[in-house]
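Colleague: These protein sequence lines are chains A and B, in that order. Take 1 as the starting number for the first sequence in the numbering used here and just add one per residue. Take 1 as the starting number for the second sequence in the numbering used here and just add one per residue.
Simulated from the structure, these hints should not be mistaken for lab results. From the three backbone atoms N, C-alpha and C, an ideal C-beta is built for every residue, glycine too. The reader is advised that the hints may include incorrect statements.
Stated by the list, open to error - Some chain B residues well away from chain A (every beta-carbon gap over 10 Å; in silico):
1) Gly110
2) Arg206
3) Ala383
4) Asp397
To be verified - Capping the alpha-carbon separation at 25 Å, the derived lysine to any residue pairs in SDA-like fashion look like this:
5) B:Lys183 - B:Ala373
6) A:Lys361 - B:Val334
7) A:Lys332 - B:Leu406
8) B:Lys288 - B:Lys361
9) A:Lys87 - B:Phe234
10) B:Lys361 - B:Arg339
11) B:Lys361 - B:Val334
12) B:Lys87 - B:Arg100
13) B:Lys332 - A:Glu368
14) A:Lys43 - B:Val381
15) A:Lys17 - A:Arg294
16) B:Lys332 - A:Leu391
17) B:Lys361 - A:Leu391
18) B:Lys288 - B:Gly349
19) A:Lys43 - B:Ala373
20) B:Lys403 - A:Met401
21) A:Lys298 - A:Asp47
22) B:Lys361 - A:Thr174
23) B:Lys183 - A:Arg294
24) B:Lys243 - B:Gly228
25) B:Lys87 - A:Ala236
26) B:Lys361 - A:Val351
27) A:Lys17 - A:Arg350
28) B:Lys6 - B:Ile277
29) B:Lys183 - B:Pro320
The primary structure of each chain is shown beneath.
2 protein chains.
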Amino acid sequence: MKAFFKVTDLETMVSLKAGFEPVESETISLNEALGRILAADLKADQDLPGFDRSTMDGYAVAASSTFGASEANPAYLNITGAVQMGKTPESRIGPGQAARIATGGMLPEGADSVVMVEHTDAIDEDTIEVYCSVVPGQHTVARDEDAAAGQTLLTSGTCLRPQEIGILAACGQTRVNVFCKPKVGIISSGDEIIPISSRPAPGQVRDINGHTLSALVLQSGGRPAHYGVAADSFQALESVCRKALSENDMVIISGGSSVGARDLTLDVLKKIPQSHILVHGVSIRPGKPTILARCENKAFWGLPGHVTSAMIVFLIVVRPFLEKIAGRPESKSVTVHARLSRNIASAQGRVDYVRVRLVEKQNTLWAEPVLGASGLIRTMVAADGLIAVDLNSEGLDQGAMVKVQLL
Amino acid sequence: MKAFFKVTDLETMVSLKAGFEPVESETISLNEALGRILAADLKADQDLPGFDRSTMDGYAVAASSTFGASEANPAYLNITGAVQMGKTPESRIGPGQAARIATGGMLPEGADSVVMVEHTDAIDEDTIEVYCSVVPGQHTVARDEDAAAGQTLLTSGTCLRPQEIGILAACGQTRVNVFCKPKVGIISSGDEIIPISSRPAPGQVRDINGHTLSALVLQSGGRPAHYGVAADSFQALESVCRKALSENDMVIISGGSSVGARDLTLDVLKKIPQSHILVHGVSIRPGKPTILARCENKAFWGLPGHVTSAMIVFLIVVRPFLEKIAGRPESKSVTVHARLSRNIASAQGRVDYVRVRLVEKQNTLWAEPVLGASGLIRTMVAADGLIAVDLNSEGLDQGAMVKVQLL
């Protein structure tokens, strides 16, 4: 009944992601591109904004016409007309001349700057007094100041936030080439697990893992496919594993917490052609009994049955692999720094993950460890983040500055 | 041409969100509920996990049978059988007896704890030696330890992360009552603005704002509807504003940066029945010329035309309102602490928002201000976050600890 395995350290384990390649790319509408990963560099199709542009409401002038102007000694300029928005100005601005211009308007030929309307007074229909001198370029944006035609603005692998959507719009990209969302097959196993629509009899529990892992995949940019609950039999497990492997870019099985169930998963993996067990056991807690196999070019994961352990293994180990095949070169989990509210003990030789709640008191952010048995889902619900206690550490002291990975 | 307005301070402005009510709720599949806002409390439908459960592979025992057991003086227990996963154990455990049990198995009657398999040796088929004593409850989870039937597990207004999806699954909620995603109408205005599919002539720019704001709405849990570009005429603007107001829960107009365009927006708002201008000008930079009107029970926003200003106003001011009507009581923007890499100057009397890039050097996180004219979209692309320079401050010194709101 006892299983022995050689545990892999966390860093080595995560570095194995280098062996897996990104999925294909697809072209989608810009409106659907938020949060997706760019699969090609973006180059500016033309200068941005494309013309010298005013950034204020006022008058377009040659700066030299205003040199020396002050409250005591204003410059008098002759108004030649008004710049129409979205149009090339018709007339040229000469020395001593000015054209009305609104924010975003195109500078007329001869003008190199804008005097703010607040620094002028109208004398009559055709003349203004200017109380303040401007320098060339003031209150304007040059035609290629945001980007010069051909310049690389975004690189492949960029995750598209609203501002990246904006720059794609600026370049006229109504459609964008992005990496496909990796398809991830999710299998729950265990004779005690029942679909969540059923009411558990004594000894049975609902399939929490399948739904939690699906949500984690979705949140990490993948497309989950839930294959339901497989019974603890070689045939049942083999058949669903083969199906999931053929239909997805990655497969995660969880739920059989017992050594027996884990052995079954290993037996199935060994029988699948071209599969290699890369890792059986990782030096983190919770999550030690994690399995990683390579089946042809796909990662196959065996995660612990406790939902909290499965979640933590997903966040710490699986997600970097998923992001790698999703086309993201670097995993970007958000971390914040906080002070630990009380001592925590830890064993050496493994990385311990502790759930914490973040509380701000007197302008200091505190990380309060969440109490309760580690297998309980409500400890994850109560938590805002995780802190890692290093494998060379025997614990952390109250008041220590810790890095919290947000959940 | 000059417009005067009384500026509202930021705190007052954001507090106005109290006057807007959440949208309706809807019932959706649990598989689609990630990131949605719960519209009703969740109570446990039964005890969780529902039975006393083993958290280890080993033997279910009465703890008292192991008292005093050690390597030198092991306890000898008689094996009565094995607990089947997902089933109620058939036989009772008496003193001196043990039943094989796997992680997740149900404790037999008479057993109150589990001895880990690692702390035992099998003598023969029916007998084990136990080298370690356990206390009642050890290596088990009690039937109601995660939750007692009827206990409130989640409250209305909770944003559903993977762990909340997990606890909903644990309670058998295949469908969930969540707030609808607020519909937000987005209008771009300005004679110089053209659809992004067109190639700009001199003086014209593509509609960056419409697409960037749509992405921000989507990211904030809303459902954007883009009404395209309205020309700077009263009739065009009035007609699209009325249509957008009738079809959405909130409307955002942007793009007419000039005073003339803003005046037009104000004129249109004044003509719409039951509309009140709540704010015209807010003491932040960029973003001062922001307009907020209430049209019946809906917020109508006039945002600055520069895309970077529009983005910052959205993040700082509009998003709290959107989250309020989306059913989220508290806005939760993620902030991290970092040290400022160089001095920044600021004027008193307004909150200045500065774009920063986050760089980790020697275990310290530095916030480096992004250089370049503030209107340029690439300054937002280069930024990881925003820092606020308080309205009572004249600037911040190099090395100061600052709070960075992530973008």
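Colleague: All hints are to be evaluated individually against the structure, with a verdict given for each.
Modeller: Going down the list of hints, with the structure as the test:
No beta-carbon of chain A is positioned within 10 Å of the beta-carbon of Gly110 (chain B); the least distance is around 15 Å. The Cβ of Arg206 (chain B) sits about 6 Å from the closest Cβ of chain A, inside the 10 Å cut-off, so the non-interface label is violated. The claim that Ala383 (chain B) lies off the interface is violated: its Cβ sits roughly 8 Å from the closest Cβ of chain A, which falls inside the 10 Å cut-off. Its beta-carbon lying about 18 Å from the closest one in chain A, Asp397 (chain B) satisfies the requirement of being farther than 10 Å from that chain.
Of the pairs offered as hints, the one joining Lys183 (chain B) and Ala373 (chain B) is violated, with about 33 Å between alpha carbons and a cut-off of 25 Å exceeded. Distance hint between Lys361 (chain A) and Val334 (chain B) is fulfilled; the C-alpha atoms sit about 17 Å from each other, no more than 25 Å. For the suggested pair Lys332 (chain A) and Leu406 (chain B), the alpha carbons sit about 12 Å apart, so the restraint of at most 25 Å is met. Of the pairs offered as hints, the one joining Lys288 (chain B) and Lys361 (chain B) is violated, with about 35 Å between alpha carbons and a cut-off of 25 Å exceeded.
Between Lys87 (chain A) and Phe234 (chain B) the CA atoms are separated by roughly 20 Å; this keeps the pair inside 25 Å, and the hint holds. Using a Cα cut-off of 25 Å, the hinted pair Lys361 (chain B) and Arg339 (chain B) holds, with the two alpha carbons roughly 11 Å apart. At roughly 21 Å between alpha-carbon atoms, Lys361 (chain B) and Val334 (chain B) fall within 25 Å of each other, so this suggested pair holds. At most 25 Å may separate the alpha-carbon atoms for a hinted pair to count; Lys87 (chain B) and Arg100 (chain B) meet this at roughly 13 Å.
Annotation: proposed proximity of Lys332 (chain B) to Glu368 (chain A) holds, straight-line Cα distance about 18 Å (limit 25 Å). Taken as a hint, the Lys43 (chain A) and Val381 (chain B) pair is honoured in the structure, with Cα atoms around 14 Å apart against an allowance of 25 Å. Straight-line distance between C-alpha atoms of Lys17 (chain A) and Arg294 (chain A) comes to about 11 Å, which keeps the hinted pair within the 25 Å bound. This hinted pair does not check out: Lys332 (chain B) and Leu391 (chain A) have alpha carbons roughly 32 Å apart, beyond 25 Å.
Proximity of Lys361 (chain B) to Leu391 (chain A) is assessed by CA-CA distance (about 23 Å); at most 25 Å being required, the pair is judged to hold. Distance check on the hinted pair: Lys288 (chain B) and Gly349 (chain B) sit about 12 Å apart at the alpha-carbon level, within 25 Å; holds. A hinted pair counts as satisfied when its Cα atoms are at most 25 Å apart, and Lys43 (chain A) with Ala373 (chain B) qualifies at roughly 20 Å. For the hint linking Lys403 (chain B) to Met401 (chain A), the alpha-carbon distance of about 16 Å falls within 25 Å, and the restraint holds.
Between Lys298 (chain A) and Asp47 (chain A) the CA atoms are separated by roughly 43 Å; this puts the pair beyond 25 Å, and the hint is violated. With a C-alpha separation of about 38 Å, the suggested pair Lys361 (chain B) and Thr174 (chain A) falls outside the 25 Å cut-off, and the hint is violated. At roughly 44 Å between alpha-carbon atoms, Lys183 (chain B) and Arg294 (chain A) are farther apart than 25 Å, so this suggested pair is violated. A distance of roughly 12 Å separates the Cα atoms of Lys243 (chain B) and Gly228 (chain B); the hinted pair therefore holds under the 25 Å criterion.
For the given pair, Lys87 (chain B) sits about 19 Å from Ala236 (chain A) by alpha-carbon distance, which is consistent with the 25 Å threshold. With a CA separation close to 24 Å, the supplied pair Lys361 (chain B) and Val351 (chain A) stays within the 25 Å bound. Our distance criterion of 25 Å between C-alpha atoms is met by Lys17 (chain A) and Arg350 (chain A), whose separation comes to about 20 Å. Proposed proximity of Lys6 (chain B) and Ile277 (chain B) is supported: the alpha carbons are some 12 Å apart, at most 25 Å.
Only pairs whose Cα atoms come within 25 Å are accepted, and Lys183 (chain B) paired with Pro320 (chain B) is accepted, the gap being roughly 15 Å.
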